[in-house]
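Visitor: Sequences listed follow chains A and B, in order.
For the first sequence, position 100 (counting from the first letter as 1) is numbered 100 according to our numbering, and the numbering increases by one without interruption.
For the second sequence, position 19 (counting from the first letter as 1) is numbered 1019 according to our numbering, and the numbering increases by one without interruption.
Since the hints were made in silico from the structure, they are not lab data.
Every clue listed holds true.
Distance ranges between label pairs, derived from CB positions: (1) G3(A) x E1083(B): 15 to 25 Å; (2) S1009(B) x S86(A): 20 to 30 Å; (3) N71(A) x S1009(B): 34 to 44 Å; (4) E1039(B) x R73(A): 23 to 33 Å; (5) G40(A) x G1001(B): 15 to 25 Å; (6) R1061(B) x G16(A): 41 to 51 Å; (7) R1108(B) x G3(A): 17 to 27 Å.
The beta-carbon is built from N, C-alpha and C at its ideal position, and this holds for glycine as well.
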Amino acid sequence: KAGVTQTPRYLIKTRGQQVTLSCSPISGHRSVSWYQQTPGQGLQFLFEYFSETQRNKGNFPGRFSGRQFSNSRSEMNVSTLELGDSALYLCASSPYGGDEKLFFGSGTQLSVL
Amino acid sequence: GENVEQHPSTLSVQEGDSAVIKCTYSDSASNYFPWYKQELGKRPQLIIDIRSNVGEKKDQRIAVTLNKTAKHFSLHITETQPEDSAVYFCAATPTAAGNKLTFGGGTRVLVKP
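Start from the sequences and build out the full structure, keeping to the hints where you can.
Guide: Okay, here's the thing in structure tokens:
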């Protein structure tokens, strides 16, 4: 099976712009979650989608949003970018979520200038 | 919400020695505790996990212990090898919530040959 695929791999944006990141989960996986990784804050949970519904949400401002399509592919959007949004954004998938192994993608490295 | 603290933040050991990483959590509803290893420039990968109905789990040179009363769990690596050098993250979640992992800050382990 193909692993979790994230595109693009690298992204450079300027403050105030918006960005959309994409994640294709492993075939058959219905849970897709997103994490922000920074050197100072570690890995922080953004949100989880299951069967096209947001099931969980972390403590991020409303500028961070996401969605999941019927084929389980997911996108996350960040509007009005701030310098502090520079981070590695990781997507992870699992069959159902909960007490399961997460399969992470390679991430999208976002730099906000 | 859940808060996970991880210690130490860095750990240097001699090859062949043991390494121990400790985590504490705050939410008594958490019942799933995975450990992820992230090598430099790579994606996080699950190395072991434990559920609240057991106190210890082993997988070759790796073991995890859980003390639900004290709300802490630990990762033990025996006979360390250079390929064990990586950043290790503990995490906790209440499984009824789907996937909403709260990660510790990470421990950078360096195994010196």
